[in-house]
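Taken in sequence, the protein lines are chains C and U.
Residue numbering for the first sequence follows the working numbering, beginning at 1 and increasing consecutively.
Residue numbering for the second sequence follows the working numbering, beginning at 1 and increasing consecutively.
Just so you know, these hints were derived from the structure itself, not from any lab.
Keep in mind it's a predicted model, so treat the numbers as computed, not measured.
Accuracy of the hints is not assured; some may be wrong.
As the list claims (entries may be wrong) - Below, simulated DSSO-like cross-link-like pairs (lysine-lysine); rule was C-alpha separation at most 27 angstroms, straight line:
{"no.": "1", "chain 1": "U", "residue 1": "LYS36", "chain 2": "U", "residue 2": "LYS144"}
{"no.": "2", "chain 1": "U", "residue 1": "LYS2", "chain 2": "C", "residue 2": "LYS82"}
{"no.": "3", "chain 1": "U", "residue 1": "LYS36", "chain 2": "C", "residue 2": "LYS108"}
{"no.": "4", "chain 1": "C", "residue 1": "LYS138", "chain 2": "U", "residue 2": "LYS144"}
{"no.": "5", "chain 1": "U", "residue 1": "LYS164", "chain 2": "U", "residue 2": "LYS144"}
{"no.": "6", "chain 1": "C", "residue 1": "LYS138", "chain 2": "C", "residue 2": "LYS152"}
{"no.": "7", "chain 1": "U", "residue 1": "LYS99", "chain 2": "U", "residue 2": "LYS170"}
{"no.": "8", "chain 1": "U", "residue 1": "LYS76", "chain 2": "U", "residue 2": "LYS99"}
{"no.": "9", "chain 1": "U", "residue 1": "LYS170", "chain 2": "U", "residue 2": "LYS87"}
{"no.": "10", "chain 1": "U", "residue 1": "LYS2", "chain 2": "U", "residue 2": "LYS76"}
{"no.": "11", "chain 1": "U", "residue 1": "LYS36", "chain 2": "C", "residue 2": "LYS87"}
Listed here are the chains, written in short residue letters.
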Amino acid sequence: MSTTRIKLALMFGFIIVSCLMQSVSAWAEEARPLQENAAVEAQVQRLSEELRCLVCQNQTLSDSNSGLAEDLRQEIREMAAKGMSDKAIIDYLVVRYGDFVRYRPPLKSTTALLWFGPFAMLLAGGVILFVTLRRREKMATEAPLSADEARKVSELLDKES
Amino acid sequence: MKRFLVPLVLFFIVVGFLAVGLNLDPREVPSPLVGKPAPMFSLPRLDDPEKVISPKDMLGQVWLFNVWASWCGACKDEHPILMALSKSGVVPVYGMDYKDTRQEALQWLEHGGNPYIASAMDMDGRVGIDYGVYGVPETYVIDKSGVIAYKQIGAITEDVLRNKILPLVKGLQTQ
Chain C
1 MSTTRIKLAL MFGFIIVSCL MQSVSAWAEE ARPLQENAAV EAQVQRLSEE LRCLVCQNQT
61 LSDSNSGLAE DLRQEIREMA AKGMSDKAII DYLVVRYGDF VRYRPPLKST TALLWFGPFA
121 MLLAGGVILF VTLRRREKMA TEAPLSADEA RKVSELLDKE S
Chain U
1 MKRFLVPLVL FFIVVGFLAV GLNLDPREVP SPLVGKPAPM FSLPRLDDPE KVISPKDMLG
61 QVWLFNVWAS WCGACKDEHP ILMALSKSGV VPVYGMDYKD TRQEALQWLE HGGNPYIASA
121 MDMDGRVGID YGVYGVPETY VIDKSGVIAY KQIGAITEDV LRNKILPLVK GLQTQ
């Protein structure tokens, strides 16, 4: 009686352990693609923060819920999974949607004003400031006292003493 | 007097820039595809999914490629214009049904009328991405050698048709 019980218990235990082992090995098999996906996902995330959603133009692809943004994220994911570089993926989208998809516009003749405009303004402001200060300095030093003013000054100084 | 002249001139320059900026439509992104060959595709036809439609079939003629969908509001605005254009026979109009269901698309054509010689079905929007579609409707003018000559983003208006598309099409047809 007791031996059959022990046998049954052993068998039951064996089944449970083998079930557990199987599920563990199943996890192990799934873990590998998950790791690969992490790199892909990181690339998708990085790129979709750099790219503009054309439908809602003040959002990045990663912020936007529009259908096109979802499609493009999927497209980027597939390209990333194929091992394409960031540059290759951005080029793919620029060919289709133009430089406007990039939140960091490239330096070109058409974007020169955008890139250098602020510095040119700063320089102009600096020059204006310098010239104005110079002129003021000259005015302050070069205005001599008139005879009347000189008399008033000496009068006041005399009073003091 | 001179003291006020310089700020005044600067003020008007800034106003000029702002006025131009305000009148630009930020949705009109210049397409890098203009002047390039129309991207190739072969998609099932909406009316008969057994048959395939491809820009290759249209080589040798100037044609309009209109991206539309049954869910698209602005497509209803341009629909009468497309109907009249297709009736006039000036230029063949082909369509692409973008991210839609076949049933709804067919229903919409049946109700509103079908201006297209044929429509391709781009249900997952893949070909739309190749064409840089981001706001339906969009219309491309494609020349005899298969190069995109013009892209209209948003609905075609009477004005755009008369002053841009039709003169362009006539010019391309005589080439």
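We went through each hint and held it up to the structure:
no.	hint	verdict
1	U/LYS36 with U/LYS144	holds, 13 angstroms
2	U/LYS2 with C/LYS82	violated, 66 angstroms
3	U/LYS36 with C/LYS108	holds, 20 angstroms
4	C/LYS138 with U/LYS144	violated, 72 angstroms
5	U/LYS164 with U/LYS144	holds, 18 angstroms
6	C/LYS138 with C/LYS152	holds, 24 angstroms
7	U/LYS99 with U/LYS170	violated, 32 angstroms
8	U/LYS76 with U/LYS99	holds, 16 angstroms
9	U/LYS170 with U/LYS87	holds, 17 angstroms
10	U/LYS2 with U/LYS76	violated, 57 angstroms
11	U/LYS36 with C/LYS87	holds, 21 angstroms
Of the numbered hints given earlier, the model fails hints 2, 4, 7 and 10; all others are met.
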